Amino acid sequence: MSTIGTGYDLSASQFSPDGRVFQIDYASKAVEKWGTVIGLRGKNGVVLAVEKIITSSLHEPDAGGRIFTIERNIGMAVAGLMADANYIADIARQEAANFRQQFEKPIPLKHLCDRVSGYIHAYTLYSAVRPFGISVLLASWDETDGPQLYKIEPSGSSFGYYACASGKAKQQAKTEMEKFKFAEMDTETLVKRAGEIIYRVHDELKDKNFRFEMGLVAQETQGTHCINHELYTLSARNAGESAKDDDDGSDNEGPQ
Amino acid sequence: MFRNQYDSDVTVWSPQGRLHQVEYAMEAVKLGTATVGLKNKSHAVLVALCKPLSELSASQRKIIPIDDHLGISIAGITADARVLSKWLRSECLNYKHSYESIYPISRLITNLGNKMQTTTQRYDRRPFGVGLLVAGYDENGPHIYQVVPSANYINCKAMSIGSRSQSARTYLERHLSSFNDCTTDEIICHGINAIRGSLSNDELITKTENLSQLNITIAIVGENYNKFTILTDEETNKYLEMANNSNSLDDQRKPTEVVGTSGSDDDPKPGPSDSDPQVAVGTME
Amino acid sequence: MLNNYQSSGYPLWSNGPTPGGFYNFTGGQQTHKLPSELVTEGPYGTKRNTSSITTGSSVLGIRFDEGVMIAADTLVSYGSLARYQDIHRVFKINNNIILGGSGDFADIQSIKRNIDQKMIEDQYYDDQITMKPKELSSWLTRVLYGRRSRMNPLYIDVVVGGVDKQGVPFLGNVDLRGRAYEDYVVATGFARHLALPLVRERKPADRDFTAQEASDLIRKCMEVLYYRDTRNMSKYTVGVCTTSNCLVEGPYNVNENWTFAANIKGY
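Residue numbers (the UniProt record's numbering), protein chains in the order written: chain A, 1 to 256; chain B, 1 to 285; chain C, 1 to 267.
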């Protein structure tokens, strides 16, 4: 395969002979270097959860948050470059504000997803810019549409999900997710599962410290997106800790 | 020196998902002299090491006041810092004009980050080659933010950037738990002692003996309408003296004991090719 | 703050494509154009409307020891026609600001939309910082003065009230020219003439009103306004903001009593 180093991978506006745009693939590579991000869509709400890798004890606990509020009822979680994440959060907020100004109601998530993915896609077309090194999860809950969850890739393509993951341990997280039927799940359990998955996929050997962060938008929160909701986050962290302990326990028993 | 294929400009991702131009810009920060930012529960303090560019020049300005409630300390390309500080000042002024109140630090820094991000994504721009430590005070208390050329910003308990700043960070990490309850005098002394760690050995020997030669600038901002102020030379000398005498800081580096700081990953190392990235040529599978 | 509402972003380069928008390769010469209503000239220059159409009448605000109260009736008139009779003109902005609006109701709604957007911005920064009444008042001053300077004023007269972080009450008025002042009692419209003296008369020299006194005065004043101002009606709402709570109460009805009408002679 003619790939790296052949000169076809230096610009977003250039195809390789076998029909790939390598700059987009490389941008996706960047996403996988950062902590895992998951989104779970339950019966009455959506939870976004993040494994935030702590790189220095000098940082405040809230430094480098990967979960954003875009609208009253829309949350966003991002895996990838923090600077790109902040920037796209700003773009998404502008889109939401724009829509609200024109129609006096919150933007439907599908519409927001279309707009933001269109924006991200535009950065994959020209050599003058680079693709965004982020993968974006969007979540919302409202009375009419219920829970919704979308993911946007660095290529600008987007899909709706029942559960999805991005970042370092994307594969393991997917394996964990496939064990459950999230669509039937109440918010209480959903939150716990989120905690369990993030704590399970965290690799202590590679990154020592991490902070579990969570965004929740559900019927229980009156359709407001809450970042690190006190009770639910505590419940998720506890579920995660005990899941981790269980795993460690069974690992020890394994060889016997 | 081998030229990496993927470092030509900021719009090129390397196959490993890295942005070499941004990483190089981060190196620029390490060329500037060290600066330290730290806070207790009521005040935020910046301490910066100033070196004259030549024997004949005055020492460079490391701390730039932005508004009454915040200021920045810089390491890297000074000219880039002037652009950023000009922008920060006008933002604060606009905010003050609109709302007759102070710009919340976290929001200002968020917007600064978004401004800087665009320079990391377009071929006609280069990232800002400067790192900032922002010290500010708003209704949520004192803040220290670190801003880096990759347009990341980090809310910090304490931080140090610039050349040989690793030893300063080690000092800060060691004393981190005590900072919150420190008095203002103590926190300034901690700042001075931390920055002392970033001095090279021979500097340390000559300058500990003669205090006034340790050319530092100290700035403080905090509660009770303590506006962002850069301390005068007399006050600075007072604190230098105080830091020197504070026996609580027994682990302070003594010049004679120094055996080269280990673990300072950002010490300028000899050899031109050291900081170059791995040559990214090969096949994917 | 959101920097740019007009489009979804800046062009990637000058005259270049805008992300999220369609790029027209031939139409690259677009420069900033003023909206047509600003550049279209009539035979004697540009004329703009100089009056309001659908209007709300008086708003009355009283500051008391630990908060503020703002009251307005629920009528929005179309000229002398009592067109809309169940419209709230006192709004809760956030947990420490209430706002009462009089003047052109479309302009009030428009400015309210902008304020609501600001509250959402406060929410998404997620830093527990919310706008204070003084800040909103200042911002309104800048907006309204800016509009009048461009000869295109918003025809509104608003009362802003609330408490700041330390629990200190704030009550102020901003009008269509961007004039602003603070006081323990502010009023717009006819209440300036009818209610203001009634409140000032009862102000103890050595202390603030209590909540009860303020509430009684509001009821009294709304009654007087109903009797004397033809653009008033008997139903009104009251916004109350203290450190502990912030809400719009009502609608209430004034104590109508028309028995004296029989004795009025000479009209």
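Hints listed in this document are in silico derivations from the structure and should not be mistaken for laboratory results. Worth double-checking, as some hints may not be accurate.
EDC-like cross-link-like pairs, simulated, lysine to aspartate or glutamate; straight-line CA separation at most 20 Å [as the list claims (entries may be wrong)]:
1. A:Lys208 / A:Glu241
2. C:Lys165 / C:Asp127
3. B:Lys96 / C:Glu249
4. C:Lys118 / B:Glu139
5. C:Lys235 / C:Glu249
6. C:Lys118 / B:Glu91
7. C:Lys92 / A:Glu104
Model, not experiment: these values are computed from the prediction.
Checked hints:
1. A:Lys208 / A:Glu241: holds (15 Å)
2. C:Lys165 / C:Asp127: holds (14 Å)
3. B:Lys96 / C:Glu249: Since the Cα atoms of B:Lys96 and C:Glu249 sit roughly 34 Å apart, the hinted pair is violated (cutoff 20 Å).
4. C:Lys118 / B:Glu139: holds (18 Å)
5. C:Lys235 / C:Glu249: Answer holds: C:Lys235 to C:Glu249 is near 12 Å, not above 20 Å.
6. C:Lys118 / B:Glu91: holds (17 Å)
7. C:Lys92 / A:Glu104: Between C:Lys92 and A:Glu104 the Cα gap is close to 17 Å, so the pair holds against 20 Å.
In this structure, the one hint that does not hold is number 3.
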